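Line by line, the protein sequences are chains A and B.
With our numbering as the guide, the letters of the first sequence map in order to residues 11 to 124.
With our numbering as the guide, the letters of the second sequence map in order to residues 7 to 119.
Derived by calculation from the structure, the hints in this document are not laboratory data.
Errors might be hidden in some of the hints.
Computed list of lysine-lysine pairs in DSS-like fashion (alpha-carbon distance at most 30 Å, straight line) [what the hints assert, rightly or not]:
#  : chain 1 : residue 1 : chain 2 : residue 2
1  : A       : K81       : B       : K48
2  : A       : K67       : A       : K13
3  : B       : K48       : A       : K65
4  : A       : K28       : A       : K67
5  : B       : K48       : A       : K28
6  : A       : K23       : A       : K81
7  : A       : K13       : A       : K23
8  : A       : K67       : A       : K23
9  : B       : K106      : A       : K13
10 : A       : K80       : A       : K67
11 : B       : K74       : A       : K67
12 : A       : K81       : A       : K65
13 : A       : K63       : B       : K48
14 : B       : K106      : A       : K67
15 : B       : K48       : A       : K67
16 : B       : K7        : A       : K65
17 : A       : K67       : B       : K7
18 : B       : K7        : B       : K118
19 : B       : K106      : A       : K81
20 : B       : K106      : A       : K80
21 : A       : K80       : B       : K48
22 : B       : K106      : A       : K65
23 : A       : K28       : B       : K106
24 : A       : K63       : B       : K106
25 : A       : K28       : A       : K81
26 : B       : K48       : A       : K23
27 : A       : K80       : A       : K63
28 : A       : K63       : A       : K13
29 : B       : K48       : A       : K13
Ranges between beta-carbon positions, derived for each pair [claimed, not checked]:
#  : chain 1 : residue 1 : chain 2 : residue 2 : range
30 : B       : V19       : A       : S90       : 40 to 48 Å
31 : A       : N94       : B       : T11       : 32 to 40 Å
32 : B       : R78       : A       : I87       : 35 to 43 Å
33 : A       : S90       : B       : K118      : 42 to 50 Å
34 : B       : D73       : A       : S90       : 40 to 48 Å
35 : B       : P88       : A       : L105      : 28 to 36 Å
36 : A       : L51       : B       : L17       : 16 to 24 Å
37 : A       : K13       : B       : T32       : 30 to 38 Å
Here are some chain A residues the structure puts well away from chain B; computed CB gaps all over 10 Å [said to hold, decoys possible]:
#  : residue
38 : V29
39 : D38
40 : K63
Treat the numbers as computed from the prediction; the structure is a model and nothing was measured.
For glycine and all other residues, C-beta sits at the position ideal for the given N, C-alpha and C.
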Amino acid sequence: DVKVTQSSRYLVKRTGEKVFLECVQDMDHENMFWYRQDPGLGLRLIYFSYDVKMKEKGDIPEGYSVSREKKERFSLILESASTNQTSMYLCASSLGWAFNYGYTFGSGTRLTVV
Amino acid sequence: KQEVTQIPAALSVPEGENLVLNCSFTDSAIYNLQWFRQDPGKGLTSLLLIQSSQREQTSGRLNASLDKSSGRSTLYIAASQPGDSATYLCAVSFSGNTGKLIFGQGTTLQVKP
Chain A
11 DVKVTQSSRY
21 LVKRTGEKVF
31 LECVQDMDHE
41 NMFWYRQDPG
51 LGLRLIYFSY
61 DVKMKEKGDI
71 PEGYSVSREK
81 KERFSLILES
91 ASTNQTSMYL
101 CASSLGWAFN
111 YGYTFGSGTR
121 LTVV
Chain B
7 KQEVTQIPAA
17 LSVPEGENLV
27 LNCSFTDSAI
37 YNLQWFRQDP
47 GKGLTSLLLI
57 QSSQREQTSG
67 RLNASLDKSS
77 GRSTLYIAAS
87 QPGDSATYLC
97 AVSFSGNTGK
107 LIFGQGTTLQ
117 VKP
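The shape of chain A in the complex, shown without the other chains:
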């Protein structure tokens, strides 16, 4: 089975800090995604990547950036953390765009910005 690993389950950071959330998948998946999940707002796409060094903005990219230097690793960066970025962050990967390719999610990182 494909495994998607997020480096931290819980993280507490101070306002203004630069925060890195790491995600690694252990299969040769082309696509990787970062979502955030908030009560009442559901899952919202922040950024995604089709391939190494490629990135595309999702629905709510403001305040975030990403890095994909290797195929298996996709990092989400909060340039200057703010309290409104307190959320559950979920990473996912998929093999490609074909009809039978589903998503595999990591276990999530609960980030609190104080």
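Start from chain A and add chain B according to the hints.
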């Protein structure tokens, strides 16, 4: 606008009951539809993936159906158990949307012993 809607938002049933969760979507041009389960504070676990050419998929006590023409999917859970208590999310990959998943808000299920 491509949207996914799930009703009801919450459901409580006694153990042993068969139940149906509903998902509707606004555009019939889809790659696939995926049902996920999420336990409190955890990530998403994939339950079933239905490709656009398929009508249903089954896994154990779970059966998911897809009707593209009406923009609907259902997740049927047979003989529910307390361990089935979780939030169930429906997500659609719409054609022409570069494979991005659009999620419903989820249905929170409680199965009472």
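Against the structure, the hints come out as follows:
| no. | hint | result |
| --- | --- | --- |
| 1 | A/K81 x B/K48 | holds, 25 Å |
| 2 | A/K67 x A/K13 | holds, 24 Å |
| 3 | B/K48 x A/K65 | holds, 26 Å |
| 4 | A/K28 x A/K67 | holds, 19 Å |
| 5 | B/K48 x A/K28 | holds, 24 Å |
| 6 | A/K23 x A/K81 | holds, 28 Å |
| 7 | A/K13 x A/K23 | holds, 27 Å |
| 8 | A/K67 x A/K23 | holds, 24 Å |
| 9 | B/K106 x A/K13 | holds, 19 Å |
| 10 | A/K80 x A/K67 | holds, 19 Å |
| 11 | B/K74 x A/K67 | holds, 28 Å |
| 12 | A/K81 x A/K65 | holds, 12 Å |
| 13 | A/K63 x B/K48 | holds, 29 Å |
| 14 | B/K106 x A/K67 | holds, 11 Å |
| 15 | B/K48 x A/K67 | holds, 25 Å |
| 16 | B/K7 x A/K65 | holds, 23 Å |
| 17 | A/K67 x B/K7 | holds, 18 Å |
| 18 | B/K7 x B/K118 | violated, 38 Å |
| 19 | B/K106 x A/K81 | holds, 18 Å |
| 20 | B/K106 x A/K80 | holds, 21 Å |
| 21 | A/K80 x B/K48 | holds, 26 Å |
| 22 | B/K106 x A/K65 | holds, 13 Å |
| 23 | A/K28 x B/K106 | holds, 27 Å |
| 24 | A/K63 x B/K106 | holds, 18 Å |
| 25 | A/K28 x A/K81 | holds, 23 Å |
| 26 | B/K48 x A/K23 | holds, 20 Å |
| 27 | A/K80 x A/K63 | holds, 8 Å |
| 28 | A/K63 x A/K13 | holds, 21 Å |
| 29 | B/K48 x A/K13 | holds, 15 Å |
| 30 | B/V19 x A/S90: 40 to 48 Å | holds, 46 Å |
| 31 | A/N94 x B/T11: 32 to 40 Å | violated, 26 Å |
| 32 | B/R78 x A/I87: 35 to 43 Å | holds, 39 Å |
| 33 | A/S90 x B/K118: 42 to 50 Å | holds, 46 Å |
| 34 | B/D73 x A/S90: 40 to 48 Å | holds, 47 Å |
| 35 | B/P88 x A/L105: 28 to 36 Å | holds, 34 Å |
| 36 | A/L51 x B/L17: 16 to 24 Å | holds, 21 Å |
| 37 | A/K13 x B/T32: 30 to 38 Å | holds, 33 Å |
| 38 | V29 | holds, 19 Å |
| 39 | D38 | holds, 16 Å |
| 40 | K63 | holds, 17 Å |
Of the numbered hints listed earlier, those contradicted by the structure are 18, 31.
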